[in-house]
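Protein chains: 2
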Amino acid sequence: MSKKSDAIQDLYPKWLRVKADRFQLSRLDPAETRGPDGRRLDRQAAETAFRENIACLQKLQYRLYAECKHGVLVVLQAMDAGGKDGVIRHVLGPLNPQGVLVFSYKKPTPRELAHDFLWRIHMHTPGHGMIVCFNRSHYEDVLVVRVHELAPKSVWKARYAHINNFERLLVDSGTVILKFLLIISKDEQKRRMQARLERPHKNWKFSEADLVERKCFDAYQEAYQAMLEKTSLPHAPWYVIPADNKWFRNYAVSMIMRETLERLDPRFPAPVEGLERIVVE
Amino acid sequence: MSKKSDAIQDLYPKWLRVKADRFQLSRLDPAETRGPDGRRLDRQAAETAFRENIACLQKLQYRLYAECKHGVLVVLQAMDAGGKDGVIRHVLGPLNPQGVLVFSYKKPTPRELAHDFLWRIHMHTPGHGMIVCFNRSHYEDVLVVRVHELAPKSVWKARYAHINNFERLLVDSGTVILKFLLIISKDEQKRRMQARLERPHKNWKFSEADLVERKCFDAYQEAYQAMLEKTSLPHAPWYVIPADNKWFRNYAVSMIMRETLERLDPRFPAPVEGLERIVVE
Numbered sequence: 000m001s002k003k004s005d006a007i008q009d010l011y012p013k014w015l016r017v018k019a020d021r022f023q024l025s026r027l028d029p030a031e032t033r034g035p036d037g038r039r040l041d042r043q044a045a046e047t048a049f050r051e052n053i054a055c056l057q058k059l060q061y062r063l064y065a066e067c068k069h070g071v072l073v074v075l076q077a078m079d080a081g082g083k084d085g086v087i088r089h090v091l092g093p094l095n096p097q098g099v100l101v102f103s104y105k106k107p108t109p110r111e112l113a114h115d116f117l118w119r120i121h122m123h124t125p126g127h128g129m130i131v132c133f134n135r136s137h138y139e140d141v142l143v144v145r146v147h148e149l150a151p152k153s154v155w156k157a158r159y160a161h162i163n164n165f166e167r168l169l170v171d172s173g174t175v176i177l178k179f180l181l182i183i184s185k186d187e188q189k190r191r192m193q194a195r196l197e198r199p200h201k202n203w204k205f206s207e208a209d210l211v212e213r214k215c216f217d218a219y220q221e222a223y224q225a226m227l228e229k230t231s232l233p234h235a236p237w238y239v240i241p242a243d244n245k246w247f248r249n250y251a252v253s254m255i256m257r258e259t260l261e262r263l264d265p266r267f268p269a270p271v272e273g274l275e276r277i278v279v280e
Numbered sequence: 000m001s002k003k004s005d006a007i008q009d010l011y012p013k014w015l016r017v018k019a020d021r022f023q024l025s026r027l028d029p030a031e032t033r034g035p036d037g038r039r040l041d042r043q044a045a046e047t048a049f050r051e052n053i054a055c056l057q058k059l060q061y062r063l064y065a066e067c068k069h070g071v072l073v074v075l076q077a078m079d080a081g082g083k084d085g086v087i088r089h090v091l092g093p094l095n096p097q098g099v100l101v102f103s104y105k106k107p108t109p110r111e112l113a114h115d116f117l118w119r120i121h122m123h124t125p126g127h128g129m130i131v132c133f134n135r136s137h138y139e140d141v142l143v144v145r146v147h148e149l150a151p152k153s154v155w156k157a158r159y160a161h162i163n164n165f166e167r168l169l170v171d172s173g174t175v176i177l178k179f180l181l182i183i184s185k186d187e188q189k190r191r192m193q194a195r196l197e198r199p200h201k202n203w204k205f206s207e208a209d210l211v212e213r214k215c216f217d218a219y220q221e222a223y224q225a226m227l228e229k230t231s232l233p234h235a236p237w238y239v240i241p242a243d244n245k246w247f248r249n250y251a252v253s254m255i256m257r258e259t260l261e262r263l264d265p266r267f268p269a270p271v272e273g274l275e276r277i278v279v280e
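First to last, the protein sequences are chains A and B.
Per numbering that gives the first Met the number 0, residue 0 is the first one in the first sequence, and the count goes up by one each step.
Per numbering that gives the first Met the number 0, residue 0 is the first one in the second sequence, and the count goes up by one each step.
Hints are computed from structural coordinates only; laboratory data are not their basis.
Keep in mind that the hints are not guaranteed to be accurate.
You can't tell identical chains apart in this list, so a pair holds if it fits in one copy or across any two.
Below, simulated DSBU-like cross-link-like pairs (lysine-lysine); rule was C-alpha separation at most 30 angstroms, straight line [to be verified]:
hint : residue 1 : residue 2
1    : K106      : K58
2    : K68       : K201
3    : K245      : K58
4    : K13       : K156
5    : K189      : K204
Put together the whole structure using the sequences plus the hints.
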């Protein structure tokens, strides 16, 4: 690993971060609301802190963009109705769209399937100065593929190492990687899906396939556990976000992004000597 | 032209729209503040209307995304310091980033130059449901290229027709194209550039090349006039925005986007029969 990777791995805050060898997803309470200090947060305080986080992130993003030295990759994974769209809207929405790109990875196309599984991912990784968000990602290739046996075990098992190598490449070239797994309970998923079915304007978000996926809820928890154990590494850790409460979820993601970028501390490029003496004719 | 193009060309509002055969850029006042009804707008009223436009655009964007039938391409052209970044921040910034992509076209790379001039453009045109903004665009190939003679006249002259054909292809497949040329006066550009030089945090936006470009201010006005005459067509018209006043510029762009999308009138997909009777287990 390069010095750059070493420096980047010191950026990631500890709160909600997964240590690969001692994390049990099954023991997580999706309705958890304890903050970084271990005390229960109340909603109003969290919403106030969330707004402060966003204001900070807006300033940090401007400096990140101006400095043009690091990229930030935000990976979002969750079950259907888990809150991925909500995080994009509430946490990334207030940022300057010139510096943010969101890519949603759906079922691969025939052309994508004709390449290695990281091909369609690599082309959208962030350039310097940019924040890129993946709504689903290369991790689907060890999640849905594993749960539904879309590839032989020998194939998806090899992918954990491929992913780790690939993410190391990104970090070595200055990319900060923040991976968020949003966890909701089975009951909360049921409520949200039912609401989508009943509200005419939420209807379009529903697909019958979601019900099939829901039947595999427990299999997904197992696939998540394996993914966390194998791919939550110091240079690109996973954060598991209890997401039954949307206000807590938004607060937590914004907090972790803010702290990481504060430690990255992007700076405006140093003024060029004498620039202030130029007179525009 | 297909029926789709016919339908799309009826969407574009008239205010500030360029009729190719009777528009004289030299007669435009960049400090103009008259609204759609011909009366002078005051700043406060325009700012209130701007906020309403944004609220409408947010709702329209959601429906555009849900319907997934049309794409919207917003093209921004202007001199340096003309306000392109400002429009992106203020008008596109409040939209949901999941449905917006911004691409900034800079000096072409060797790889890009090894293709036709529309190659790097085509790959980023909006898919259904998306709003894509080009910060500079294929029009640079008839602007900077013309002004600095980066290609023989025979080459750039042929490009107007290529552009028109290309944009017709996009519109025929359901893309709405809104092209904005932001016009500032030479004095206003001077003020803004000087400010960039003097403010440490604006400094990084300045490049010595900008001063070279400024020397060609008048040549650019000529190139703009030719561009407007040749490429402001009913299916993909140009809007020329007087942009000395940022509040007027933001109001005007938001107003034109809002009216166009209101006429497009995207709808939520019709609820699937019986969906509301499904019970999530």
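### Message
Please list, smallest to largest, the hint numbers that this structure does not respect.
### Response
none
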